[in-house]
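Q: Sequence:
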Amino acid sequence: QNYMLSVLLMTVFISLHVNWPTTASPWTITFSPAEITAEKGLCAVISCTFTHPDNIKPTAAMWFKCPTKGKCDKDKNTMFHSNTPSKAQEGIKQRVSLLETDLTKKNCSVIINDIRETDAGEYQFRLPSSYTYSKKVSITVSALTQKPSVLTPPLTEGEPATLTCIAPGMCSGTPPNITWTGRGTGDNIIELRDNITIQEREDLTTVTTTHFSTLTFTPSAEHHNMMVTCQVTFQKKYQIEETVTLNMTYPQITGNEMVKEDGTLDLTCRVDSYPPSDITWSKNGASAPLQNYTENATLTICNVTREHAGEYVCTVQHLNRTMTASTVVTVIQGVPSPLIVWPLLELNTERCSPTTSVLGSSVNSTISLPVGNHNNTTVECVSSNVVGVVREKLQVTQNKSQEKQRGKYVCQVTWLESQSFPFPPNVCNIEDVLYI
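The sequence shown maps to residues -24 to -1, 1 to 412 in mature numbering (1 follows the signal peptide of the UniProt record, and there is no 0).
Misleading hints may appear alongside valid ones.
What the hints assert, rightly or not - Per label pair, the in silico range of CB-to-CB distance:
1) S333 <-> L295: 52 to 62 Å
2) Q293 <-> L127: 37 to 47 Å
3) R367 <-> S333: 14 to 24 Å
4) L295 <-> T155: 27 to 37 Å
5) C278 <-> T155: 53 to 63 Å
6) T221 <-> G134: 36 to 46 Å
7) T298 <-> T219: 25 to 35 Å
8) D238 <-> T157: 44 to 54 Å
9) T219 <-> T276: 35 to 45 Å
10) E217 <-> L266: 40 to 50 Å
Hints listed in this document are in silico derivations from the structure and should not be mistaken for laboratory results. Note that CB positions come from ideal geometry on N, CA and C, so glycine has one too.
Generate the whole structure from the sequences, applying the supplied hints.
A: What follows is the structure in structure tokens.
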């Protein structure tokens, strides 16, 4: 009897001190992650899986939000009910969708679109009429920082190009408003000529969507270094933008387009491209190209004559594209020559005549007058032609060493005349030369 009592006491002792294995709960839920940060205007995805007893056949899913203070009330704070949407709160029920509608796959993931500040908080999942999972997932709402993506193809002058702006996020909620603006290197808005903008969407799945806008226009040289901005607006109040700088491939011609007869013409055609472009110079009206180059091309013509005037064309071949730039070269000549007069001689107080000589593109008119007769007076030279008039004055001042000297006054004028339009004579240059 004592033996049986000892065995019974030992059994009770072992039962009190041994942790027998417990049966795992069939009701579990897993969130990945358990803390979510969502940006205003975008969407939040609660990724979760759940388990339940084998005898349970879930037919509906329910999500509800817990208030920051107080107990969760599944009846008052319902945000989603798969079978009875009317039970969900206004303002959020249209924005929540299950990622997987077949609950037998034990996937309870949902997407919340058009995120706003009031969506921040903790959320719980429930199988109606069966079980409420105690574990919660939290959502924090932050400012919109994700920028749109702007895709820019290689841009060639004269060839239509399409820019694409992709809105941030892949949310299936309210489509954002996407707009384009262009700004040059200064502060003035530059119009994108012949532009066409189209906003589209591409549904990736039943709950994920890409929103994008395309801008098609024909680039020109003025678009080089232009800044193009794509602005995306969610819910008419959350804005974000991205700016890109356009880099044009186009030929540029530099050099002096006005050359004097017998001078040297230097024109350079440049285009930045990879691989290097083939460049050809030609002149309108000529039967054959002038010169061929690669990358940078300088056209040099010495001893220019009137026949060299005209339009010069730089043709650039880059891969399968052809671009051109042109400039008009003017050969400058000295016709007609200006008429130079001395108003002082019109007073008939001096018995002298000016001496005129022509050398190259300059006309020299010279008069010699007694300095003593014109102390502290002004000598003026007037040069004129059919285009205009220019004047130059010289103040005459006598000192003691010049009392009996004669002054030689030279008015030199350089004049220009192109084939297409004349120039007024340049400003007179008066030289005061004293004979001793």
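Q: Against this structure, judge whether each hint is valid.
A: Verification of the hints:
At about 59 Å, the CB distance of S333 to L295 agrees with the hint of 52 to 62 Å. Distance hint check: the CB atoms of Q293 and L127 are about 27 Å apart, inconsistent with the given range 37 to 47 Å. With their beta carbons about 21 Å apart, R367 and S333 fall inside the hinted range of 14 to 24 Å. In this structure the hint that L295 and T155 lie 27 to 37 Å apart at CB holds, the actual value being about 33 Å.
The hinted window of 53 to 63 Å between C278 and T155 holds, with their beta carbons roughly 55 Å apart. At about 20 Å, the beta-carbon gap between T221 and G134 misses the expected band of 36 to 46 Å. A hinted range of 25 to 35 Å for the beta carbons of T298 and T219 is consistent with their spacing of about 31 Å. Judged by the Cβ atoms, the range 44 to 54 Å given for D238 and T157 holds: they are separated by roughly 52 Å.
As the Cβ distance of T219 to T276 is approximately 42 Å, the hint placing it in 35 to 45 Å holds. Checked against the hint of 40 to 50 Å, the C-beta distance between E217 and L266 comes to roughly 48 Å, which is consistent with it.
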